Amino acid sequence: MTNDQTERPQRAYVVTLVGLTGMLVGVVAGYLGYFLTLNIPVVHSAPSSQQPFDQMFDGMARLRGLELAAANCNGASDLPRIVSNEKRLVDLLAANEQRANLDPQLDVARAIIAHRSADLSNARSDKVGFAAAVEDERTSLQAAGWKDISPEQLTGIVDNLDRCSGSKREAKDNNQ
Amino acid sequence: MKRSMRFGIAVIVGLGIGAVIGATFASRTIGVGARSMSQWAAGAEYAQLAELEYRHADSERAR
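Protein chains in written order, with our numbering: chain A, 1 to 176; chain B, 1 to 63.
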């Protein structure tokens with residue numbers, strides 16, 4: 001057997017090994033590439049190229065994501081950015097509502113956001129902001145046709161949604 | 001064919017096949033998971049707001 005004949009299978013083996021290593025790197029790159037370009041509606045804003053129904057659907061998912069992020073029992077995580085993102089999102093959903101042929105209760109969502117906004121203003125001792133947010137809350141509940149538009153009722157509802165045992169405002173009052 | 005060229009082709013072909021396999025696997029795992037999670041989140045939010053309206057609005061609006 002010549003030297004060249006013994007080297008050939010060895011070379012083929014090395015080329016296969018290099019190809020398999022490349023494939024392994026490709027699998028990881030493909031997986032990561034897909035993950036990084038994935039548009040998850042709960043986290044990302046819906047692209048404007050979507051159909052109105054899909055936009056509304058993804059917007060509702062994003063609103064859920066923001067609500068979960070805003071939910072807390074001591075008011076400490078009611079981040080201003082989350083609340084302002086929620087306000088902007090609800091305005092977008094309201095603009096899209098008719099085209100999507102859906103009727104989500106956006107006035108209720110607005111009231112909940114205003115309630116969170118009032119909590120935020122209260123934590124900052126911003127009396128003007130607090131009064132404006134409470135007024136927004138009342139207006140939204142009125143628009144939704146609620147029988148009881150008192151902030152106390154909504155406090156109980158939001159605490160319940162956030163899975164809080166006591167009222168946020170009570171907890172804050174106790175802290176102060 | 002030169003040795004380096006052979007290795008180059010092996011790497012490129014391997015990377016290409018691997019990328020397709022990786023992306024397909026990701027779409028069947030995290031892609032499906034992300035879609036399911038979004039559907040759950042959208043449905044849950046819609047239902048929650050509707051339930052609140054149903055419970056607390058006047059009879060005309062709660063329909």
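Hints listed in this document are in silico derivations from the structure and should not be mistaken for laboratory results.
Fair warning: this is a prediction, and the values are worked out from it, not measured in the lab.
Cβ coordinates follow ideal geometry from the N, Cα and C atoms, glycine included.
Incorrect hints may appear among the rest.
[Unchecked claim] Not everything, but these chain B residues come out facing chain A in the computed CB check (under 7 Å): (1) M5; (2) G8; (3) G14; (4) I17; (5) I21; (6) G22; (7) A26; (8) I30; (9) V32; (10) G33; (11) A41; (12) A42; (13) A47; (14) E51; (15) Y54; (16) H56.
**Study point:** Residue hint I17 of chain B, partner chain A, criterion CB-CB below 7 Å
**Key:** For I17 of chain B, the interface hint holds, since the closest Cβ of chain A sits about 5 Å away, which is under 7 Å.
Review point. Hey, does the I21 of chain B contact hint survive, CB to chain A under 7 Å?
Key: Where the cut-off is 7 Å and the nearest Cβ of chain A is about 5 Å from I21 of chain B, the hint holds.
Review point. Would the hint on A41 of chain B stand, with a C-beta cut-off of 7 Å toward chain A?
Key: Since chain A brings a Cβ to about 4 Å from A41 of chain B, closer than 7 Å, the hint holds.
Review point. Holds or violated: A42 of chain B as interface residue toward chain A, Cβ cutoff 7 Å?
Key: holds (4 Å)
Review point. Is the shortest C-beta separation between G33 of chain B and chain A less than 7 Å?
Key: violated (9 Å)
**Study point:** Hint validity - I30 of chain B Cβ closer than 7 Å to any chain A Cβ
**Key:** holds (6 Å)
Exercise for review: Please verify that hint: G22 of chain B, Cβ, nearest Cβ of chain A, below 7 Å or not.
Suggested key: holds (3 Å)
Practice item. Have a go at the G8 of chain B hint: is there a Cβ in chain A nearer than 7 Å to its own Cβ? Key: violated (9 Å)
Check your understanding: Should the hint that A26 of chain B touches chain A count as held when the rule is a Cβ pair under 7 Å?
Key -> Holds, about 4 Å.
Review point. Close enough to count: is the Cβ of H56 of chain B nearer than 7 Å to one in chain A?
Key: The hint holds - H56 of chain B has a Cβ within 7 Å of chain A, the shortest such distance being about 5 Å.
Check your understanding: Would the stated hint for A47 of chain B survive a check requiring a Cβ distance to chain A of less than 7 Å?
Key -> violated (10 Å)
Practice item. Hold the hint about M5 of chain B up to the distance rule: shortest CB distance to chain A must be less than 7 Å. Key: Nearest chain A Cβ about 11 Å off; hint violated.
Of the hints listed earlier, those the structure fails to meet are numbers 1, 2, 9, 10, 13, 14 and 15, in rising order.
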